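Peer 1: Using the hints provided, position chain B relative to the given structure of chain A.
So the sequences go chain by chain: A and B.
Per our numbering, the very first residue in the first sequence carries number 1; after that it's consecutive.
Per our numbering, the very first residue in the second sequence carries number 1; after that it's consecutive.
The hints are all genuine.
Subject to a maximum C-alpha distance of 35 angstroms in a straight line, what follows is the list of computed DSBU-like cross-link-like pairs (lysine-lysine):
1. A:Lys303 x B:Lys12
2. A:Lys102 x B:Lys350
3. A:Lys238 x B:Lys102
4. A:Lys147 x A:Lys2
Cβ pair distances, simulated, as ranges:
5. A:Lys58 x B:Pro88: 52 to 62 angstroms
6. B:Glu9 x A:Lys283: 43 to 53 angstroms
7. A:Pro61 x B:Glu328: 53 to 63 angstroms
8. B:Glu79 x A:Ala269: 56 to 66 angstroms
9. A:Arg96 x B:Glu328: 28 to 38 angstroms
10. B:Pro88 x A:Glu347: 28 to 38 angstroms
11. B:Glu328 x A:Gly103: 28 to 38 angstroms
12. A:Ser166 x B:Gln5: 56 to 66 angstroms
13. A:Arg171 x B:Val85: 49 to 59 angstroms
14. A:Arg265 x B:Ser165: 31 to 41 angstroms
15. A:Ser252 x B:Ser165: 46 to 56 angstroms
Bear in mind the hints are in silico, worked out from the structure with no lab data behind them.
Please read these numbers as outputs of a predicted model, since none were measured by experiment.
For each residue, glycine too, the CB sits at the ideal point set by N, CA and C.
Number of protein chains: 2
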Amino acid sequence: MKETQSILEAAKRVSPLVNRLSTEEKNRALEAMAEALLQNKEEILAANRRDLAEAEGKISPVMLDRLRLTEERIGAMAEGIRTLVALPDPVGRVLRESTHEKGLCIRRISRPLGVVGIIYESRPNVTADAAALSLKSGNVCVLRGGKEAFLSSYAIVESIQKGLSSVGIPREAVQLIEDITRKSSVEMMRAEGYIDLLIPRGGAGLIRACVENATVPCIQTGTGICHVYVDEGADLDKALTVLENAKCSRPSVCNACEVLLVHERIAEAFLPRMKALLCDERKENPVSLRLCPAAARIIEGEKASDEDFDTEFLDYILAVKVVSGVEEAVEHIRCHSTGHSEAILTEDEKAASYFTSAVDSAAVYVNASTRFTDGGEFGLGCEMGISTQKLHARGPMGLEELCTYQYIVIGNGTVR
Amino acid sequence: MKETQSILEAAKRVSPLVNRLSTEEKNRALEAMAEALLQNKEEILAANRRDLAEAEGKISPVMLDRLRLTEERIGAMAEGIRTLVALPDPVGRVLRESTHEKGLCIRRISRPLGVVGIIYESRPNVTADAAALSLKSGNVCVLRGGKEAFLSSYAIVESIQKGLSSVGIPREAVQLIEDITRKSSVEMMRAEGYIDLLIPRGGAGLIRACVENATVPCIQTGTGICHVYVDEGADLDKALTVLENAKCSRPSVCNACEVLLVHERIAEAFLPRMKALLCDERKENPVSLRLCPAAARIIEGEKASDEDFDTEFLDYILAVKVVSGVEEAVEHIRCHSTGHSEAILTEDEKAASYFTSAVDSAAVYVNASTRFTDGGEFGLGCEMGISTQKLHARGPMGLEELCTYQYIVIGNGTVR
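Same shape as in the complex, but just chain A:
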């Protein structure tokens, strides 16, 4: 097993070279990475079968399915890498330019961060995505995947490294941490001078461990307690459509709605229709409700506990609260949201404008589903995760968000 420290040192060593790759070199490398995944699919599938056999009975069927690779899924990974070729290079863009009165040309130019560390959980396709996004943005990456997917990720990274070598790029541009104990995560969190940005992608425990231990810069991603507020001025048909989409189209993801807030003046009209639509027992996945006392006086359902308004269910469960108006909705969101995505349903421009100016979350929607918070949907082409913090990147992180900038100043013997 390779020591984590030696992996970090190798990453730092090749970083100057990788950071300076041209657009053409990076695109050629992405093609080679995709091609290598396809060529090595037998080895990857074999490794995955060993991971699956080991995990069988230890993790849930849903998690097993996320872990499973097929020829088709490997094809999709390769395709995902190839889509990055067409995206513009985020490095070397002139972000701002000014001329100093003494004739200096001052340009702010985008640059790779350097070495990006990513700690993630069991889906092996994240390995390929993260490697490709890092490479296109000129960053070296150090990947630390979940232990259930270790052999699969290892096989994926080996293939990617073969692809890189075939076009003359050092294999160390993409590396996988081999120690899958907690020790290596902590080593990454404290790898000052080696890791320029650490992205933890996972549950609350991982995020907490990063906040407590990290001495390298981190971006927290992921948890989403997203709210949909149906205002007095809502068009109830639109509200039902948007709520159903936000809650039911894919409840296991972070941009799904977890809490419904309803204006007291329309609660009696809206809640029964909501219940009929979402909770119909004949549906494959009827939604189970957690009701505040006022909502429980209008429709039937389980009573909500306090925790229900601070829980990311990631399931067909919806907490419901009746509020006195947009101010109380905003206040509830301020106290309970994780800062991911919130929506207001209203035809009243004043209420919408108050909501968008007062709600401090990464994405705020008017008459649209929270499910749109996604790099692809926002036109970023792809994403490395969704930041729920305010520094550097907020919301979906695409290629530009994996860059920093630098001032390049050209003079002619110019002094201050």
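Peer 2: Same frame as chain A, now just chain B:
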């Protein structure tokens, strides 16, 4: 004495209101703050006299001078606040806009971070600057100044708060931490949920304490081990002019040059001229040299120790090293720089282009002095400090760098 926690809670409480102030309200508040400083100058000067009396004999004359306020300096603080009125509001700018194929309007809009904490050392004018920059960017600020300047800072903040009250803005928009022990700094570093960004401005000890203890997002500012590299292709007259400016125009600041790197092929021509210009004993402040062995074979001077190449002298001292070319210069900078500012002197475009693409510091200069790394010089109008890290802000931090962004998405019942 007010408890630090109660100050943080008050900051968080008024933050939604302050974050939403209009440009007009903020500019009116800045005028009122400037006016209040002038009106209360007697109280501020009296407080400053008490600080000075207490500090006399305990701190160096240079530090005593930095601590001293005069009527003129208070006037300059007020003037500094007023210059912010004319600068564009960094909040509410549309940074990016796209239309989703389903008709959604997706806009990325700049917003205040929320609550900004600033820990700084003894100069009392930082108090007024930081308060004004925070307010113009819509942020609440919590200031934690040095203990030597406490009474002065307290009087300044009291005046500013009077100004804020006079235009109907809560005093808690600008607050000073009253506990001046180490405890309050650590409380700020761990004020999760209260402080959105912490800016430590000070020496290596403070920065280190932040890296070790902070669980809130931080931006490190300040230390600058800046390099000037005189290439084989340099115009030696320009090189002398730029080096003298970089080293001698204000050696106590972070953008001053600390290390001179010289190409071996021009060392014999350049070093004697450099020494004659910078080290002339008849000058008021002749520079003292710390020479590598190769340089010591050409000119006389003290031998450099290894530490001299990792020291921010902030004084009339210059470490000198002869290198084999631009590659070695870049490599030396990679190992020893703090990532602040570096310059190459050369007429050779190839060398300049290699240097700017390979040196990973906040500002990289060709034929110009490192002394230009400054918010005012870079056209930002002002600055809160100079970031030497890569996340969020790099180089001088102005008003825009005190903001985050948010996606505002407008639909019409739109679902994914």
